[in-house]
Amino acid sequence: MAELIGGAMLGAVFGELLKAVIDAKEKSQEYESQLNTLKSTLENITPAIQETERLNGALDIPAQETAQLKKDMKNGEELVRKCSEEKFCCFKRVKYAGKLSTLNQSIERFIKVNLQAQMARDNKKILEDNKKILEHVEEIRKNTGGVSNRVKFDGPCLVPDPPEITPGLDAPLKELRTELVKDEGKQVIVVSGHGGLGKTTLVQKLCADNEIKDKFQENIFFVTVSKTPDVMVIVKRIFQHMKCEVPTFQTDEAAINDLERLLKCFGQKAILLVLDDVWSGSLVQKFKFRLPNYKILVTSRDMFLQFGSGYLMEPLDDEAAMILFRSSVTPQDREPYFFDENLAQKILKYCKRSPLALTVIGRLLCGKPAAVWQSTVKEWDEGNSIFISGNELLECLQSSLDALDEEVKECYLDLGSFPEDQRIPITALIDMWMELHEWVEDGLSAIKYLHQLSDRCMVKLFASENASDDGYYNDYFIIQHALLRELIIHQSKSQPVELRKTQPVEQRKRLIEDISENKFPKWWSKQKQNPIHARLLSISTDETFSSCWYDINAPEVEVLVLNLRTTEYTLPNFIENMGKLKVLIVTNYGFQPVELSNYSLLGSHYISNLKRIRLEHISIPSFGVQMNNLQKISLVMCNVGQAFKNSNFKISNAFPNLLEFGIDYCDDLEELPDGLCDIVSLKKLNITNCHKLSALPEDIGKLVNLEELRLVSCTELSELPDGLCDIVSLKKLNITNCHKLSALPEDIGKLVNLEELRLVSCTELSELPEMVAELSNLKLLDISGCLRISKLTTQVGKLRSLETLCMIGCSSCRLPPSIKKLERLNVVKCDKVTASQWEPYKLYLPKLKVEVLKDDINLNWLRKRHF
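If you're matching positions, the sequence shown starts at 1 in the UniProt record's numbering and goes up one per residue.
Hints listed in this document are in silico derivations from the structure and should not be mistaken for laboratory results. Fair warning: there could be bad hints in the mix.
[Stated by the list, open to error] Using C-beta positions, here's what the derived DEER-type ranges look like: (1) K71 to S40: 16 to 24 Å; (2) K509 to D183: 41 to 49 Å; (3) A67 to E184: 27 to 35 Å; (4) S608 to P816: 37 to 45 Å; (5) D340 to S226: 36 to 44 Å.
[To be verified] List time: in silico DSS-like cross-link candidates among lysine-lysine, alpha-carbon distance up to 30 Å: (6) K186 to K750; (7) K349 to K368; (8) K732 to K791; (9) K519 to K580.
Predicted, not measured: the structure shown is a model, and the values here were computed from it. Backbone N, C-alpha and C fix where the C-beta goes; we use that ideal spot for every residue, glycine too.
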C-alpha cells in the first residue's frame with residue numbers, strides 16, 4: 001500500500017509511517033493489537049491523503065496547512081521503529097502501547113476534522129474558479145461573435161492558414177475528417193511521416209475544413225511543439241488564447257491539472273487540440289483527459305503506435321507533384337519566366353516527389369532563365385546532392401537523423417548501400433551489421449533497430465505471409481524512403497562537422513557510388529595509389545554497364561555490396577586486394593539471372609577473411625573455389641543446377657568450415673550438392689521455395705552439429721531420409737508447405753534435443769508418429785494447415801516441456817485425454833472451431849491462453865519484390 005503514495009511531502013511522510021508499521025508487525029509480537037489498528041487506520045485514510053496531495057498541487061496550497069499532520073506522522077514513525085527494534089520491560093511495554101493508541105487517535109481526529117474541512121473548502125474553491133472561467137469564456141465568445149468572426153480572435157493558438165495550393169491531400173483529408181467528426185472513436189489521431197511530406201499543411205487544411213469548423217467551432221487550439229517542448233509554456237499559450245488569466249505554475253503537473261480544469265468548463269462542447277511536430281509520445285499522453293468530445297490531432301515523424309494506427313503520409317503522385325512544382329516556380333503576379341516540361345520531370349525525379357523539396361527547389365528556380373534550370377539539373381546528373389541547393393530541406397531531414405541514437409544512426413546510414421525503391425532483405429542487413437558492428441547475436445539488434453526506424457517513418461518494414469517470429473528473418477524486408485537515401489549518400493560524402501563541405505574520398509568510411517552507363521565518378525579514374533579507408537563500399541551499375549573496371553586501392557573494406565542490372569557481369573579484380581573483406585553481397589535487379597564471371601577470384605588467399613556471401617538472382621557456374629573461412633552462404637533466386645551437378649567438385653572441399661547454408665527460390669535445384677553432408681560444422685540448413693527438390697541426402701545424419709533444418713515450400717519433397725533422426729543436435733525442424741510429404745520418420749523420438757517442430761500446411765501428412773511423444777525437450781509444436789491429421793498421439797501428454805501448440809485449420813484433429821498433463825503449455829493458437837475443443841481442458845491447465853487466429857493468406861507483399 002505504501003507505494004501508492006506519491007513522492008510529494010505529505011505523501012512521502014505518510015508512506016514512511018505505513019512502511020514502518022508493516023515492518024514492525026513482522027518483527028514484534030508485543031504490540032500486535034495496536035499495530036494492526038494503526039495499519040487499518042492508515043490504509044483507510046489512503047484515499048483522503050491522495051486527494052489532499054492532488055488538490056494541494058492543483059491549487060498551490062501552502063504546506064503549513066498539513067504541517068501538524070506531517071509532524072505527528074514523523075514522530076509516529078520514530079515511535080513505531082523504536083517499538084520494533086528495542087526490548088522493554090513490562091512497565092515500558094504498557095507505556096509504549098498507550099503511545100501507539102494515542103498516535104492512532106491523533107491521526108483519526110485530524111483526518112475526520114481538519115483534513116475533511118480543508119478538502120471541502122478546496123473543492124468549493126475549484127467550483128468557484130471554474131464558474132469564473134466559464135463566465136469569462138462565454139463573455140469572450142459573445143464579444144468575438146463565435147466562429148464567424150474568428151479572424152478577430154488573434155490568439156497564440158490560432159490555426160495558421162494553409163497554402164493556397166495543396167495538391168494530393170484530398171484523400172488523407174477525407175479520411176481524417178471522417179475520423180475527427182465521429183462522436184466516439186479514438187481520442188488521439190496521429191499523422192506521421194518523415195520530414196517534408198506535408199503533415200503540417202494537411203492538418204492546417206483540415207482545421208480550415210467547413211465540416212471540422214462546424215463541429216469544433218472556436219474550440220480548436222493549434223500548438224507547435226518542436227523537439228524540446230515546455231509543457232508549462234504550452235498550457236500558458238492555451239490560457240492566453242482563451243483570454244484567461246494565466247496562473248503561475250510550479251510544475252508541469254500543476255499546469256496540466258489547471259488545463260484540465262479549464263477544458264472541463266466547455267461541458268459537452270467539442271474540443272480539438274492540435275499538437276504539431278511532436279517528438280515524444282509521453283508529451284501527448286500528458287494532454288489526454290477524460291472529457292467528452294475531446295480530440296487530439298498529432299503530427300509527428302514517429303508513428304506513436306501506443307495510440308493505435310494513425311495516418312502515414314506518402315510522397316505525392318506524379319500529377320500532384322507537377323502541380324505543386326509548377327505553382328512554386330510561378331510568381332504570384334504573372335506567368336513563370338521559364339518552364340520546360342522535360343526539365344521539370346527530371347527535377348521531380350530528383351526531388352522524389354517530396355512536397356518540401358519541390359517547394360524549396362521551385363522557389364530557387366522561380367524567375368530564373370533556362371540556363372539556371374539546365375545548370376542545376378546538370379549538377380545533379382553529375383552526382384552533386386540536391387541538399388546543397390537548399391538549407392531548409394537539409395535542416396528538415398537532417399534533424400531526423402540527429403535524433404537517432406548513435407549506433408542506430410550508424411546502422412541507418414548503411415542502408416544507402418542498396419538502391420532506392422527496392423526491397424532490402426533483413427538477412428542482408430544482418431550479414432553487414434554482424435561484421436561492421438561486431439554483434440554477437442544474429443538478428444536481435446537488427447530487428448530492434450529496424451522497428452525503431454519504422455516507428456519513426458524512416459523505413460517501411462514488411463513481411464511475407466510465411467514470416468515467422470522465431471529468429472528466421474528470410475521473409476522480412478524493408479524499403480527505404482528515396483529522399484532519405486539521398487540524405488544518407490550526402491552525409492557519407494560530407495565532412496563530419498560541416499554537412500555542406502565535401503569530405504575527401506580517401507577519408508570516407510562509407511563509399512556509395514551509382515554508375516550510369518560506364519561513367520565513373522571523376523575521383524575514380526584519377527585514384528591510383530592513394531588508398532581508400534572506407535569500411536563499406538557499395539557500387540550500383542545500370543543496364544548499360546560493360547563491367548570494364550578501373551582499379552582502386554581499398555584495403556580497409558570489410559563489406560562490399562554490388563548492385564547490378566545487366567545480363568552479364570564480371571566481378572572486379574580489385575576485390576582481390578581487399579584483405580579485410582568479410583561480407584560480399586551481390587544482387588541482380590534485372591529480369592533474368594545474370595551470368596557471373598571472374599568468380600574464381602573469391603578463392604584468392606588475399607581475401608581469406610571472407611565470412612559471408614549473399615548472391616541474389618545470379619547464375620552460378622561452379623562452386624569449385626575453396627574458401628576455408630566462409631561461415632555463411634545465401635543463395636536467393638539463383639540458378640544453381642549446373643554448379644551443384646558438377647561431379648568434379650564437392651561442396652565440402654569448397655566450404656570446409658561452413659556454419660549456415662541458405663537456398664531460397666532456386667527453381668532449378670533438384671538435389672543438394674555432393675559432399676554437403678560432409679560439412680560437419682554446419683549448424684543451419686535452410687531450403688525454402690525450391691519446388692523441384694524431391695529428396696534429401698540419405699547421409700544427412702552425418703551433420704552431427706546441425707541445430708536448425710528448414711524445408712519450406714519444397715512441394716516435390718515426398719519423404720524424409722532415414723538418417724535425419726540421427727542428428728541428435730537438431731533443435732529446430734521446420735517443414736512448411738511440403739504438400740507431398742505424407743509421413744515423418746518413425747524414430748523421430750531420437751531427436752532428444754529438438755525444441756521446435758513445425759509441420760505447417762503439409763496437407764498429405766495424416767498422423768504423427770507415436771515416438772513424437774519422446775521429444776522431452778520440445779517447446780513448440782506447429783501443425784497448422786495439416787488438414788489430414790485427425791488426432792494427436794495418445795501419448796502427447798509426455799511432452800512435459802511443451803509451451804506453445806499451433807494448430808490453425810485443424811478443426812478435425814481430436815485431442816486425447818493426456819493433453820491435460822501438459823503442465824507447461826501456456827499458449828494454443830488455433831481457429832475458432834478448434835478452440836471449442838480446448839474449453840474442457842482449461843480446468844486442468846490454468847495458465848493456458850487460447851488465441852483464436854484467422855487463417856488469412858495475403859500475397860500483397862509480393863508486389864514489393866523486384867522479380
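Hint check:
For K71 and S40, the Cβ-Cβ distance of about 22 Å falls inside the hinted range of 16 to 24 Å, so the restraint holds. Checked against the given bound of 41 to 49 Å, the beta carbons of K509 and D183, roughly 55 Å apart, lie outside it. The hint said 27 to 35 Å for the Cβ distance between A67 and E184, and at roughly 47 Å that hint is violated. Checking the proposed 37 to 45 Å range against S608 and P816 shows it is violated: the Cβ atoms sit about 56 Å from each other.
The supplied range of 36 to 44 Å is met by D340 and S226, whose beta-carbon atoms lie about 39 Å from each other. Distance restraint check for K186 and K750: the Cα-Cα separation of roughly 54 Å exceeds the 30 Å cut-off, and the hinted pair is therefore not satisfied. Pair hint K349 plus K368 holds up; C-alpha atoms about 20 Å apart against a cutoff of 30 Å. Using a Cα cut-off of 30 Å, the hinted pair K732 and K791 holds, with the two alpha carbons roughly 23 Å apart.
Proximity of K519 to K580 is assessed by CA-CA distance (about 28 Å); at most 30 Å being required, the pair is judged to hold.
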